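> Whole structure, please, built from the sequences with the hints as guidance.
Number of protein chains: 2
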Amino acid sequence: MNELVFVGLGLHDEKGISLQGLEETKTADHAFVELYTSLLPNFSMERFETLTGKKAQVLTRQDLEEQNGARILDAAEKGKTVFLVPGDPFIATTHVALRIEAEKRGIKTRIVHGASIISAIIGLSGLHNYKFGKAVTIPFPENTSETPYNVITQNKKLGLHTLCLLDIKTEEKRFLRINQALAQLLGMEQKKKQGTATIQTIAIGIARAGSNTPVLKADTIENLLTYDFGDPPQSLIFPGELHFMEAEALIALAGAPASLRGAAK
Amino acid sequence: MNELVFVGLGLHDEKGISLQGLEETKTADHAFVELYTSLLPNFSMERFETLTGKKAQVLTRQDLEEQNGARILDAAEKGKTVFLVPGDPFIATTHVALRIEAEKRGIKTRIVHGASIISAIIGLSGLHNYKFGKAVTIPFPENTSETPYNVITQNKKLGLHTLCLLDIKTEEKRFLRINQALAQLLGMEQKKKQGTATIQTIAIGIARAGSNTPVLKADTIENLLTYDFGDPPQSLIFPGELHFMEAEALIALAGAPASLRGAAK
Chain A
3 MNELVFVGLG LHDEKGISLQ GLEETKTADH AFVELYTSLL PNFSMERFET LTGKKAQVLT
63 RQDLEEQNGA RILDAAEKGK TVFLVPGDPF IATTHVALRI EAEKRGIKTR IVHGASIISA
123 IIGLSGLHNY KFGKAVTIPF PENTSETPYN VITQNKKLGL HTLCLLDIKT EEKRFLRINQ
183 ALAQLLGMEQ KKKQGTATIQ TIAIGIARAG SNTPVLKADT IENLLTYDFG DPPQSLIFPG
243 ELHFMEAEAL IALAGAPASL RGAAK
Chain B
3 MNELVFVGLG LHDEKGISLQ GLEETKTADH AFVELYTSLL PNFSMERFET LTGKKAQVLT
63 RQDLEEQNGA RILDAAEKGK TVFLVPGDPF IATTHVALRI EAEKRGIKTR IVHGASIISA
123 IIGLSGLHNY KFGKAVTIPF PENTSETPYN VITQNKKLGL HTLCLLDIKT EEKRFLRINQ
183 ALAQLLGMEQ KKKQGTATIQ TIAIGIARAG SNTPVLKADT IENLLTYDFG DPPQSLIFPG
243 ELHFMEAEAL IALAGAPASL RGAAK
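Taken in order, these protein sequences are the chains called A and B. In the numbering used here, each residue carries its 1-based index in the first sequence increased by 2. In the numbering used here, each residue carries its 1-based index in the second sequence increased by 2.
Don't read these hints as lab results, they were simulated from the structure. Incorrect hints may appear among the rest.
Same chains, same names: a pair is fine if it fits in one copy or spans any two.
[Unchecked claim] Keeping only pairs whose Cα atoms sit at most 30 Å apart, straight-line, the calculated DSSO-like set for lysine-lysine is:
hint	residue 1	residue 2
1	K82	K110
2	K219	K82
3	K175	K57
4	K219	K80
5	K28	K56
6	K267	K106
Bear in mind that the values here come from a model prediction, so they are computed numbers and not experimental data.
Below, the structure written as structure tokens:
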């Protein structure tokens, strides 16, 4: 059967895949994997192949973006093909074009979902999902876009939280860190003066969501700048208005200062 | 070791759990499960127990909400305890208080994430994650809250998409359907007249996200009202401004009218 199944690998290692994802891989004629859209800190190709009994071809950004995933499409025209992707397959927007192209060629597509960084970070924080506004990615400092600052500002005006992913270039092993992202936002604050990211502003840093040892710390930007979050991947949340249960969660789970209670409703 | 591990079950059946989640369950001294915060349409307790070799105690809303999860906390004080939860454990906000209480009692807590309805629906739609604003749940008609209408209106003004979960009462086997939700929003439109939900408005209905046969249909509300989405669970997206790749995705993957191209940027 010619079919293309997108399978999520989850967040941390080869055990993030679901039982269904494992079965789909075992029964596939062809298996491909990409490991550049997110960092899976402890993923081992060798252990993955032992688990699945399948050799999976590792595809680069070039294979996917410049060659439009031709190798995957050609394989899927001949038999059942799985494409293994970090996280939940379409949260990084990169692979939608591949799915559309497959459908246009008459190849059936399916998704076997995995844990996504978005819901993992929201879940870890204890903040309420329906109080998050638009999310944003904070780029490396060579990109001086004002978008992240503006998104956080707009969400705060609406009382909403902002989830900030930090940019990564896995090929170069470059991962934006929480203190670098905060330094950029402080720089933007000096210019735009909206009170969005001052040294007194409370933010939440999250490192290694999806691992057994995530680090979560809610504090003023001033304190977070020198906090040691350890290895990547790292993310940030800028809280909007806090419900009292959200404040309790940040105090109990993220070591937030107890004074946060006073700001909650 | 006394420890409480929250494990996500994913979206559809007993194979939505990750390999790590399966291992944590196998090695636990005590296992509890709740199946009321989301519908797992094809989950079988019997098959789950065969997979894990563990008897898991099924907890009701009353056990968790009125008894504050006392059975789970008591077990976790004695040994390793897993609490299995549909989706990704903290996306329904229900269990945060339990986690806080465990930490206050000195019980270490961890999360093994699962696929969440939020990222699954976003992924299925092909829409860009960072273009979604605040999400909202549309309640049953006996609740006449204007919140869903107002959230969609506000997001549209900002050019953002709105993810709408539809209310469920699993204990009563009641699941709000797409056509009921749309009828409510049309009623609100008559009252509020913001142009948010007219019969010509394009929306996207999604049924059974996470199954092998999800149904996705993008069309005018007029047409969606009579479209047969089949069994629950069902959800809705109200798109904001569409990028041209998003319009292509809705046409290719959700059968949207080709005229959508004209509205995209």
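> Hint by hint, note whether the structure agrees.
Structure-based check of each hint:
no. : hint          : in the structure
1   : K82 <-> K110  : within (10 Å within a copy, 43 Å between copies)
2   : K219 <-> K82  : between (44 Å within a copy, 25 Å between copies)
3   : K175 <-> K57  : within (24 Å within a copy, 44 Å between copies)
4   : K219 <-> K80  : between (49 Å within a copy, 28 Å between copies)
5   : K28 <-> K56   : both (7 Å within a copy, 25 Å between copies)
6   : K267 <-> K106 : between (51 Å within a copy, 22 Å between copies)
Checked against the numbered hints above, the structure violates none of them.
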